[in-house]
Amino acid sequence: MSGRVHPLAGIIAAFARAVSGVQVRWSDGFSETAQQRIYFANHTSHLDFVVLWSALPADVRARTRPVAAKDYWESGVKAYLAQNVFRAVLVQRGAAAQAESEEEARAAGRATIEQLAEALGETDSLILFPEGTRGTGESVAPFRSGLFHLAKRRPDAELVPVYLENLNRILPKGEFLPVPLISVLTFGAPMLVEESESKEAFLERARAAVCGLRRGENAQ
Amino acid sequence: MSDPLESTEHAFLELEGSSGNAQLMCLFGGVLGILVLASVIGVVLKRNAKNDAARATIENLNARTRAWWKMCAIFALTLLIGRVGSLVLFGLLSLLALREYITLVPTRRGDHRTLLWSFFIITPLQYYLIGIAWYGFFAIMIPVFAFVFVPTRIAMSGDTEHFLERAAKIQFGLMICAFCLSHAPALLILEIPGFAGRNAQLLLYLVLVDQMSDVLQYVWGKLAGKHKIAPSVSPNKTWEGFLGGVATATLLGAALWWATPFAPLQAAGMSLVITLLGFAGGLVMSAIKRDAGVKDFGAVIEGHGGILDRIDSLCFAAPIFFHLVRYFFTP
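In order, the protein sequence lines correspond to chains A and B.
Just so you know, the first sequence maps onto residues 1 to 220 in the numbering used here.
Just so you know, the second sequence maps onto residues 1 to 331 in the numbering used here.
One should not assume that every hint holds.
[To be verified] Pairwise CB distance ranges (calculated):
{"no.": "1", "chain 1": "A", "residue 1": "Gly174", "chain 2": "B", "residue 2": "Lys222", "range": "48 to 58 Å"}
{"no.": "2", "chain 1": "A", "residue 1": "Thr133", "chain 2": "B", "residue 2": "Gly158", "range": "16 to 26 Å"}
{"no.": "3", "chain 1": "A", "residue 1": "Gln83", "chain 2": "B", "residue 2": "Ala299", "range": "52 to 62 Å"}
{"no.": "4", "chain 1": "B", "residue 1": "Leu92", "chain 2": "A", "residue 2": "Gln83", "range": "32 to 42 Å"}
[Stated by the list, open to error] Computed from the model, here is a short list of chain A residues facing chain B with C-beta under 8 Å:
{"no.": "5", "residue": "Val19"}
{"no.": "6", "residue": "Asn166"}
{"no.": "7", "residue": "Val179"}
Hints were generated in silico from the structure; no laboratory data involved.
In this text, all values refer to a predicted model and were calculated from it rather than measured experimentally.
Ideal Cβ positions, reconstructed from N, Cα and C, are used throughout, including at glycine.
Construct all of the structure, not just a fragment, from the sequences and the given hints.
Take a look at the structure:
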């Protein structure tokens, strides 16, 4: 898959970096190896995944696919970009919630996890926003369980927490034009699900890992 | 048959133009000389560094010199392009400075539209007004029109939390980053008798004296700095650095009188004003950074920090210098 880089990809990445003025803070362990990863981050803006994707080194970026809501990315130019440039994995949002029975809900959830595990394939990485929806930027909402199930299903992929700062100020919910402020993107140390860790404990630990990357939470 | 008087006048203008060009080249040559000297000193110091602390300081010094080469090249190029080149350069600097400033200032969701106006309408408009040399409007557009507009637009958003703070912070940002800074390229539209076609030198003069004052205060501070001026605001500012820097930069400015419309003593006075205001600008912007809990406004210029860290002195010096020149040297 990594052989096909759309000619627009580099241009869009450069443009996204310019608009968001993104300053990247890497964790010590991050290297440009072929390691498959699941990046999971807080979600406050439509710019989030584009900026995270743009901040990655070009060859890592070529192997990294954002997970996005099908209903938002399904039409027109957006669909073209999602499919050809970002190679996004489009998932049905709230499929489980809309299901009529608990059985159906479980099946829908399992199908989504299966879809993501397949999307990872042999070489690729994913960008996930486990809050499920965009917040205001003041706090990080509890994580949905998909991250846990995916991590169990694909234990070979490293889980990398990422904190995105200021993107909610650059393009908040409900706005169309970005104010070009400077954003900060912090990659945390990779983590894995512990052998005996419960779903709740892991999701809370993952959420804490993202929050812990906020500047001021730890010594700079 | 051409009118002899007209052709004499024509020849005179040409002569004036070419002497202006020669003077500009002299100034560029001087800057080039300083850069070469700084690079050589950097290499020598690096060889003789004794310990890690000294090496770190010298590495930062050399990073600054490398950045100076790039900044000087960009500035010289835009100056040679002419008024449009300088306006585009300073317009971009205003936007980048405003970006760094607003990033540091806690604005709220309700400020989004006001910020869009500030970045995409008000700041470009300021430079457009200078471009068409409309002095009467460019001098009041931000202090009067934008001043009224900003709180109005924020109020329309309906979010009243910290209202006055938010309005005041955006107004201050526009004043410093857009209004004040735009007075540097505005020097290009002044009509100074006997100085026609040479205004670029005046802009270069302001930037040169202002930035050399920063550099010389840094150098004097590193060499002889002992007594801190305002340790709670900026721990690196010392009386020795301040006095040494101001004195030497003023001497430099006086020595460059031939490139300006000023007599030598007038040039010394103007340079003194530029250096003192430059110091004030640095001090005020340091206080803002200190309040926000950061060391630099950004990290885009290697060794220097952000754009605003580099031009804070110019933001204060430019408008006053502009008005002094306009008041005393234009009809």
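Results for each hint:
For Gly174/A paired with Lys222/B, a C-beta distance near 51 Å keeps the hint of 48 to 58 Å intact. Against the hinted window of 16 to 26 Å, the Cβ-Cβ separation of Thr133/A and Gly158/B comes to about 23 Å, which satisfies the hint. A hinted range of 52 to 62 Å is violated for the C-beta pair Gln83/A and Ala299/B, which are about 36 Å apart. Our hint of 32 to 42 Å for Leu92/B and Gln83/A holds, since their Cβ atoms are close to 35 Å apart.
About 10 Å separates the beta-carbon of Val19/A from the nearest beta-carbon of chain B, more than 8 Å, and the hint is not met. For Asn166/A, the interface hint holds, since its Cβ comes within 8 Å of a Cβ in chain B; the closest pair sits about 7 Å apart. Because the smallest distance between the Cβ of Val179/A and any Cβ of chain B comes to about 4 Å, under 8 Å, the interface hint for this residue holds.
Checked against the numbered hints given earlier, the structure breaks hints 3, 5 and satisfies all the rest.
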